[in-house]
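Those letters in the sequence shown? Residues -17 to 356, by the numbering used here.
In short, the hints are calculated from the structure, not lab data.
Careful, some of the hints might be misleading.
Said to hold, decoys possible - Per label pair, the in silico range of CB-to-CB distance:
| no. | residue 1 | residue 2 | range |
| --- | --- | --- | --- |
| 1 | Ile39 | Lys273 | 37 to 45 Å |
| 2 | Lys316 | Gln253 | 50 to 58 Å |
| 3 | Asp326 | Ala220 | 39 to 47 Å |
From the three backbone atoms N, C-alpha and C, an ideal C-beta is built for every residue, glycine too.
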Amino acid sequence: MKIGIPKEIMEGETRVSVVPSMVPVLTRDKHEVFVEAGAGVRAAFLDKQYEEQGATIVPGPEELYGNAEAVIKFQAPQHNEQVGKHEIDMMQEGAILMSSLPPRLHKELLPRLLQRKITAFGMEYIPRITKAQSMDVLSSMSTVAGYKAVLVAAYHLGKFFPLLMTAAGTIPPVTVLVLGAGVAGLQAIATAKRLGAQVESLGARFVEMELPEDVETAGGYAKAQPEEFLRKEREAIAARLPKVDAVITTAQVFGSRSPLLITEEMVKTMQLGSVIVDLAVAEGGNCELSKPNQAVEKYGVTIFGAVNIASTLPVHASQMHSKNVTNLFKYIFKDGERTIDFQDEIVKSCCLTHNGELVNEMVKKAFLEETKDD
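Let the hints inform the model, and build the full structure from the sequences given.
Right, here's the structure in full:
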(Lines of atoms letter the chains of each structure in order from A and count residues from 1; the text may use other names and numbers.)
(Lines give C-alpha, C1' and ligand atoms only; values in the text may rest on other atoms or scores of the structure.)
Protein backbone atom coordinates (compact mmCIF):
# COMPACT_ATOMS: atom_id res chain seq x y z
CA MET A 1 0.00 0.00 0.00
CA LYS A 2 0.91 3.65 -0.35
CA ILE A 3 1.03 5.02 3.22
CA GLY A 4 0.78 8.76 3.86
CA ILE A 5 2.19 10.56 6.91
CA PRO A 6 0.74 14.11 6.97
CA LYS A 7 1.90 17.17 8.83
CA GLU A 8 -0.36 17.73 11.84
CA ILE A 9 -2.36 20.96 11.59
CA MET A 10 -4.11 21.13 14.97
CA GLU A 11 -3.06 24.26 16.84
CA GLY A 12 -0.23 23.51 19.26
CA GLU A 13 0.38 19.98 17.95
CA THR A 14 4.12 19.29 17.64
CA ARG A 15 4.17 15.50 17.27
CA VAL A 16 4.32 13.35 14.16
CA SER A 17 2.56 10.01 13.79
CA VAL A 18 5.50 7.99 12.41
CA VAL A 19 9.18 8.78 13.02
CA PRO A 20 11.93 8.07 10.46
CA SER A 21 13.30 4.99 12.22
CA MET A 22 9.95 3.19 11.79
CA VAL A 23 9.72 3.73 8.02
CA PRO A 24 11.76 0.56 7.22
CA VAL A 25 9.35 -1.49 9.35
CA LEU A 26 6.65 -0.56 6.83
CA THR A 27 8.71 -0.70 3.65
CA ARG A 28 9.95 -4.20 4.49
CA ASP A 29 6.36 -5.33 3.87
CA LYS A 30 6.54 -3.73 0.40
CA HIS A 31 4.56 -0.66 1.41
CA GLU A 32 5.55 2.75 0.07
CA VAL A 33 5.77 5.56 2.61
CA PHE A 34 5.03 9.18 1.66
CA VAL A 35 5.68 11.99 4.15
CA GLU A 36 4.40 15.56 3.82
CA ALA A 37 7.25 18.06 3.79
CA GLY A 38 8.03 19.32 7.29
CA ALA A 39 5.80 16.74 9.00
CA GLY A 40 8.41 15.87 11.63
CA VAL A 41 10.27 19.17 12.05
CA ARG A 42 8.50 20.25 15.26
CA ALA A 43 9.48 16.90 16.80
CA ALA A 44 13.10 17.31 15.59
CA PHE A 45 12.79 14.85 12.67
CA LEU A 46 13.93 16.27 9.33
CA ASP A 47 12.72 15.44 5.83
CA LYS A 48 16.25 14.25 5.03
CA GLN A 49 16.02 11.64 7.79
CA TYR A 50 12.79 10.27 6.32
CA GLU A 51 14.36 10.09 2.88
CA GLU A 52 17.40 8.28 4.25
CA GLN A 53 15.05 5.64 5.70
CA GLY A 54 13.29 5.11 2.37
CA ALA A 55 10.33 7.51 2.50
CA THR A 56 9.31 9.90 -0.29
CA ILE A 57 8.69 13.55 0.61
CA VAL A 58 5.65 15.23 -0.99
CA PRO A 59 5.19 19.01 -0.98
CA GLY A 60 1.73 19.46 0.51
CA PRO A 61 -1.42 17.92 2.00
CA GLU A 62 -3.42 17.55 -1.22
CA GLU A 63 -0.64 15.53 -2.83
CA LEU A 64 -0.21 13.49 0.34
CA TYR A 65 -3.87 12.61 0.87
CA GLY A 66 -4.67 12.19 -2.80
CA ASN A 67 -1.86 9.67 -3.28
CA ALA A 68 -2.26 7.63 -0.09
CA GLU A 69 -4.22 4.40 0.16
CA ALA A 70 -3.68 4.50 3.94
CA VAL A 71 -3.16 7.58 6.11
CA ILE A 72 -1.54 7.40 9.53
CA LYS A 73 -2.17 10.56 11.59
CA PHE A 74 -1.72 11.64 15.17
CA GLN A 75 -4.68 13.95 15.71
CA ALA A 76 -8.18 13.50 14.34
CA PRO A 77 -8.75 14.89 10.84
CA GLN A 78 -9.94 18.48 10.67
CA HIS A 79 -10.51 21.31 8.22
CA ASN A 80 -7.28 22.53 6.67
CA GLU A 81 -7.59 26.31 6.48
CA GLN A 82 -4.54 26.60 4.23
CA VAL A 83 -6.10 24.64 1.36
CA GLY A 84 -9.75 25.19 2.28
CA LYS A 85 -10.61 21.50 2.52
CA HIS A 86 -11.29 18.98 5.26
CA GLU A 87 -8.55 16.37 5.58
CA ILE A 88 -11.09 13.54 5.16
CA ASP A 89 -12.41 15.10 1.95
CA MET A 90 -8.89 15.07 0.51
CA MET A 91 -8.57 11.30 1.07
CA GLN A 92 -9.21 8.73 -1.62
CA GLU A 93 -12.63 7.12 -1.41
CA GLY A 94 -12.30 3.79 0.38
CA ALA A 95 -8.90 4.65 1.87
CA ILE A 96 -7.70 3.54 5.32
CA LEU A 97 -7.26 5.94 8.23
CA MET A 98 -5.47 5.36 11.53
CA SER A 99 -5.64 8.31 13.90
CA SER A 100 -7.17 9.70 17.04
CA LEU A 101 -10.97 9.66 16.71
CA PRO A 102 -12.20 10.84 20.12
CA PRO A 103 -15.87 10.39 21.05
CA ARG A 104 -16.47 14.13 21.39
CA LEU A 105 -15.78 14.55 17.64
CA HIS A 106 -17.94 11.67 16.38
CA LYS A 107 -20.86 13.84 15.27
CA GLU A 108 -18.50 15.90 13.14
CA LEU A 109 -16.28 13.15 11.75
CA LEU A 110 -18.38 10.00 11.35
CA PRO A 111 -20.66 11.37 8.59
CA ARG A 112 -17.59 12.39 6.56
CA LEU A 113 -15.92 9.03 7.09
CA LEU A 114 -19.08 7.21 6.04
CA GLN A 115 -19.58 9.37 2.97
CA ARG A 116 -16.01 8.74 1.77
CA LYS A 117 -16.29 5.03 2.67
CA ILE A 118 -13.15 5.32 4.78
CA THR A 119 -12.00 2.33 6.84
CA ALA A 120 -11.21 4.23 10.02
CA PHE A 121 -9.33 2.91 13.05
CA GLY A 122 -9.58 5.02 16.22
CA MET A 123 -6.48 4.75 18.39
CA GLU A 124 -8.52 5.53 21.54
CA TYR A 125 -10.39 2.26 21.08
CA ILE A 126 -7.44 -0.12 21.32
CA PRO A 127 -8.54 -2.62 24.02
CA ARG A 128 -6.41 -2.81 27.14
CA ILE A 129 -5.61 -6.48 26.77
CA THR A 130 -2.25 -8.24 26.86
CA LYS A 131 -1.78 -8.75 23.12
CA ALA A 132 -2.65 -5.10 22.39
CA GLN A 133 -0.26 -3.54 24.90
CA SER A 134 2.30 -2.68 22.22
CA MET A 135 -0.41 -0.77 20.29
CA ASP A 136 -1.91 1.17 23.22
CA VAL A 137 -1.42 4.83 22.30
CA LEU A 138 -3.53 6.12 25.19
CA SER A 139 -1.24 4.42 27.70
CA SER A 140 1.84 5.79 25.94
CA MET A 141 0.54 9.35 25.93
CA SER A 142 -0.66 8.98 29.53
CA THR A 143 2.90 8.06 30.47
CA VAL A 144 4.15 11.27 28.89
CA ALA A 145 1.36 13.33 30.47
CA GLY A 146 1.88 11.94 33.97
CA TYR A 147 5.59 12.71 33.80
CA LYS A 148 5.16 16.24 32.46
CA ALA A 149 2.34 17.09 34.89
CA VAL A 150 4.76 16.78 37.80
CA LEU A 151 7.27 19.05 36.06
CA VAL A 152 4.52 21.61 35.51
CA ALA A 153 3.60 21.42 39.19
CA ALA A 154 7.25 21.90 40.14
CA TYR A 155 7.45 24.94 37.84
CA HIS A 156 4.44 26.64 39.45
CA LEU A 157 5.27 25.66 43.03
CA GLY A 158 7.56 28.07 44.87
CA LYS A 159 9.33 25.26 46.72
CA PHE A 160 12.01 22.61 46.26
CA PHE A 161 10.57 19.14 45.76
CA PRO A 162 13.25 17.14 47.64
CA LEU A 163 14.53 17.21 51.21
CA LEU A 164 17.60 19.47 51.30
CA MET A 165 20.19 19.69 54.08
CA THR A 166 21.84 23.09 53.67
CA ALA A 167 23.96 25.53 55.66
CA ALA A 168 20.84 27.65 55.87
CA GLY A 169 18.95 24.83 57.51
CA THR A 170 16.88 21.79 56.55
CA ILE A 171 14.24 22.18 53.88
CA PRO A 172 11.53 19.49 54.10
CA PRO A 173 10.24 17.75 50.96
CA VAL A 174 6.94 18.80 49.43
CA THR A 175 3.92 16.54 49.60
CA VAL A 176 2.24 15.63 46.31
CA LEU A 177 -1.24 14.09 46.10
CA VAL A 178 -2.00 12.12 42.94
CA LEU A 179 -5.65 11.40 42.15
CA GLY A 180 -6.02 8.28 40.03
CA ALA A 181 -3.86 5.20 39.71
CA GLY A 182 -4.07 4.65 35.96
CA VAL A 183 -1.06 4.99 33.68
CA ALA A 184 -0.84 8.77 34.04
CA GLY A 185 -1.30 8.61 37.80
CA LEU A 186 1.33 5.93 38.29
CA GLN A 187 3.82 7.83 36.15
CA ALA A 188 3.09 11.00 38.13
CA ILE A 189 3.73 9.10 41.37
CA ALA A 190 7.03 7.74 40.04
CA THR A 191 8.18 11.13 38.74
CA ALA A 192 7.31 12.97 41.94
CA LYS A 193 9.21 10.35 43.92
CA ARG A 194 12.22 10.69 41.61
CA LEU A 195 12.19 14.42 42.30
CA GLY A 196 12.25 13.70 46.01
CA ALA A 197 8.68 14.53 47.00
CA GLN A 198 6.58 12.68 49.52
CA VAL A 199 3.72 11.17 47.54
CA GLU A 200 0.20 10.22 48.47
CA SER A 201 -2.35 8.78 46.08
CA LEU A 202 -6.04 8.13 45.98
CA GLY A 203 -6.03 4.69 44.40
CA ALA A 204 -2.45 3.52 44.95
CA ARG A 205 -1.20 3.77 48.76
CA PHE A 206 -2.20 5.52 50.45
CA VAL A 207 -5.46 7.42 50.94
CA GLU A 208 -7.81 4.73 52.23
CA MET A 209 -11.35 4.39 50.93
CA GLU A 210 -13.64 1.60 49.84
CA LEU A 211 -13.64 1.02 46.06
CA PRO A 212 -16.60 -0.33 44.07
CA GLU A 213 -16.22 -3.65 42.30
CA ASP A 214 -17.34 -2.57 38.82
CA VAL A 215 -14.79 0.11 37.86
CA GLU A 216 -13.72 -0.92 34.33
CA THR A 217 -15.29 -1.56 30.95
CA ALA A 218 -14.60 -4.81 29.10
CA GLY A 219 -11.90 -2.94 27.16
CA GLY A 220 -10.08 -1.95 30.34
CA TYR A 221 -11.17 1.70 30.57
CA ALA A 222 -12.61 3.43 33.63
CA LYS A 223 -16.37 3.50 34.08
CA ALA A 224 -18.40 6.38 35.43
CA GLN A 225 -19.20 5.88 39.10
CA PRO A 226 -22.37 6.74 41.04
CA GLU A 227 -22.63 10.11 42.75
CA GLU A 228 -22.60 8.53 46.22
CA PHE A 229 -19.18 7.02 45.52
CA LEU A 230 -17.89 10.35 44.16
CA ARG A 231 -19.19 12.12 47.29
CA LYS A 232 -17.19 9.75 49.51
CA GLU A 233 -14.18 10.19 47.25
CA ARG A 234 -14.38 13.98 47.57
CA GLU A 235 -14.60 13.62 51.36
CA ALA A 236 -11.41 11.53 51.38
CA ILE A 237 -9.64 14.06 49.17
CA ALA A 238 -10.86 17.03 51.21
CA ALA A 239 -9.28 15.56 54.32
CA ARG A 240 -5.87 15.56 52.61
CA LEU A 241 -5.89 18.83 50.68
CA PRO A 242 -4.87 21.18 53.54
CA LYS A 243 -1.74 19.05 54.09
CA VAL A 244 -0.40 18.85 50.52
CA ASP A 245 1.63 21.22 48.35
CA ALA A 246 0.69 19.92 44.90
CA VAL A 247 -2.13 17.85 43.43
CA ILE A 248 -2.05 15.99 40.12
CA THR A 249 -5.50 14.90 38.93
CA THR A 250 -5.79 12.17 36.27
CA ALA A 251 -9.31 10.73 36.63
CA GLN A 252 -11.05 10.33 33.26
CA VAL A 253 -13.98 8.27 32.01
CA PHE A 254 -13.76 7.22 28.37
CA GLY A 255 -16.42 8.94 26.29
CA SER A 256 -17.89 10.82 29.28
CA ARG A 257 -17.30 13.90 31.36
CA SER A 258 -14.48 13.66 33.87
CA PRO A 259 -15.61 13.22 37.49
CA LEU A 260 -15.57 16.34 39.67
CA LEU A 261 -13.16 15.56 42.51
CA ILE A 262 -12.10 19.01 43.78
CA THR A 263 -14.76 21.66 44.29
CA GLU A 264 -14.17 25.39 44.70
CA GLU A 265 -14.87 25.07 48.42
CA MET A 266 -12.20 22.38 48.67
CA VAL A 267 -9.65 24.63 46.93
CA LYS A 268 -10.23 27.26 49.61
CA THR A 269 -8.83 24.86 52.23
CA MET A 270 -5.48 24.40 50.49
CA GLN A 271 -2.21 25.98 51.55
CA LEU A 272 -1.29 29.37 50.15
CA GLY A 273 0.98 28.86 47.13
CA SER A 274 -0.07 25.26 46.45
CA VAL A 275 -0.68 23.92 42.94
CA ILE A 276 -3.22 21.73 41.13
CA VAL A 277 -2.43 20.26 37.69
CA ASP A 278 -5.62 18.91 36.10
CA LEU A 279 -4.94 16.39 33.32
CA ALA A 280 -8.65 15.78 32.77
CA VAL A 281 -9.61 19.35 31.87
CA ALA A 282 -10.30 18.57 28.18
CA GLU A 283 -13.22 16.38 29.30
CA GLY A 284 -14.56 18.84 31.84
CA GLY A 285 -11.89 18.62 34.51
CA ASN A 286 -11.46 17.05 37.94
CA CYS A 287 -11.22 20.49 39.55
CA GLU A 288 -14.14 22.88 39.39
CA LEU A 289 -11.84 25.87 38.74
CA SER A 290 -9.76 24.38 35.91
CA LYS A 291 -9.56 26.22 32.58
CA PRO A 292 -8.07 24.58 29.47
CA ASN A 293 -4.41 25.50 28.98
CA GLN A 294 -4.58 28.26 31.56
CA ALA A 295 -2.93 28.80 34.90
CA VAL A 296 -5.74 30.15 37.09
CA GLU A 297 -4.85 31.60 40.49
CA LYS A 298 -7.62 31.63 43.05
CA TYR A 299 -7.57 31.66 46.85
CA GLY A 300 -3.78 31.64 46.62
CA VAL A 301 -3.79 28.34 44.69
CA THR A 302 -2.58 27.93 41.09
CA ILE A 303 -4.76 25.59 39.03
CA PHE A 304 -3.33 24.57 35.65
CA GLY A 305 -5.63 22.80 33.18
CA ALA A 306 -3.35 20.74 30.96
CA VAL A 307 -4.72 19.97 27.48
CA ASN A 308 -2.64 17.84 25.11
CA ILE A 309 0.31 18.12 27.48
CA ALA A 310 2.08 15.18 25.81
CA SER A 311 2.74 17.40 22.79
CA THR A 312 5.19 19.40 24.93
CA LEU A 313 7.54 16.41 24.78
CA PRO A 314 7.25 15.75 21.02
CA VAL A 315 10.41 13.71 20.46
CA HIS A 316 9.67 10.80 22.77
CA ALA A 317 5.90 11.14 22.44
CA SER A 318 6.25 10.77 18.66
CA GLN A 319 8.57 7.79 19.07
CA MET A 320 6.11 6.04 21.37
CA HIS A 321 3.11 6.75 19.15
CA SER A 322 5.06 5.64 16.10
CA LYS A 323 5.84 2.27 17.65
CA ASN A 324 2.21 1.79 18.77
CA VAL A 325 0.59 2.69 15.46
CA THR A 326 3.11 0.74 13.38
CA ASN A 327 2.50 -2.34 15.51
CA LEU A 328 -1.23 -1.93 14.95
CA PHE A 329 -0.81 -1.48 11.20
CA LYS A 330 1.37 -4.57 10.90
CA TYR A 331 -1.01 -6.57 13.08
CA ILE A 332 -4.05 -5.73 10.97
CA PHE A 333 -2.34 -5.89 7.58
CA LYS A 334 -0.15 -8.94 8.08
CA ASP A 335 2.63 -9.51 5.53
CA GLY A 336 1.53 -6.48 3.57
CA GLU A 337 -1.92 -7.91 2.77
CA ARG A 338 -4.90 -5.54 2.67
CA THR A 339 -7.43 -8.10 3.89
CA ILE A 340 -8.93 -7.20 7.28
CA ASP A 341 -10.15 -9.79 9.79
CA PHE A 342 -13.20 -8.08 11.27
CA GLN A 343 -13.70 -10.93 13.74
CA ASP A 344 -10.37 -10.21 15.42
CA GLU A 345 -10.80 -8.79 18.93
CA ILE A 346 -8.50 -5.81 18.38
CA VAL A 347 -9.95 -4.95 14.97
CA LYS A 348 -13.54 -5.16 16.29
CA SER A 349 -12.64 -2.78 19.10
CA CYS A 350 -10.87 -0.05 17.13
CA CYS A 351 -12.39 -0.13 13.63
CA LEU A 352 -15.20 2.44 13.59
CA THR A 353 -16.23 2.67 9.92
CA HIS A 354 -15.83 0.51 6.83
CA ASN A 355 -17.28 0.73 3.32
CA GLY A 356 -19.80 3.39 4.29
CA GLU A 357 -21.06 1.64 7.43
CA LEU A 358 -20.56 2.03 11.18
CA VAL A 359 -19.04 -1.28 12.25
CA ASN A 360 -18.21 -0.60 15.91
CA GLU A 361 -21.27 -1.52 17.99
CA MET A 362 -20.45 0.78 20.91
CA VAL A 363 -19.87 3.76 18.62
CA LYS A 364 -22.92 2.92 16.52
CA LYS A 365 -25.19 2.90 19.58
CA ALA A 366 -23.77 6.17 20.95
CA PHE A 367 -23.89 7.89 17.54
CA LEU A 368 -27.48 6.88 16.87
CA GLU A 369 -28.53 8.12 20.31
CA GLU A 370 -26.75 11.46 19.76
CA THR A 371 -28.22 12.05 16.31
CA LYS A 372 -31.70 11.02 17.50
CA ASP A 373 -31.60 13.80 20.09
CA ASP A 374 -30.78 16.49 17.47
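Verification of the supplied hints:
Between Ile39 and Lys273 the beta carbons are some 39 Å apart, a value that agrees with the proposed interval 37 to 45 Å. Hint check: Lys316 to Gln253, Cβ distance near 56 Å, so the stated range 50 to 58 Å holds. Between Asp326 and Ala220 the Cβ separation comes to about 46 Å, which falls inside the hinted range of 39 to 47 Å.
The structure shown violates none of the earlier numbered hints.
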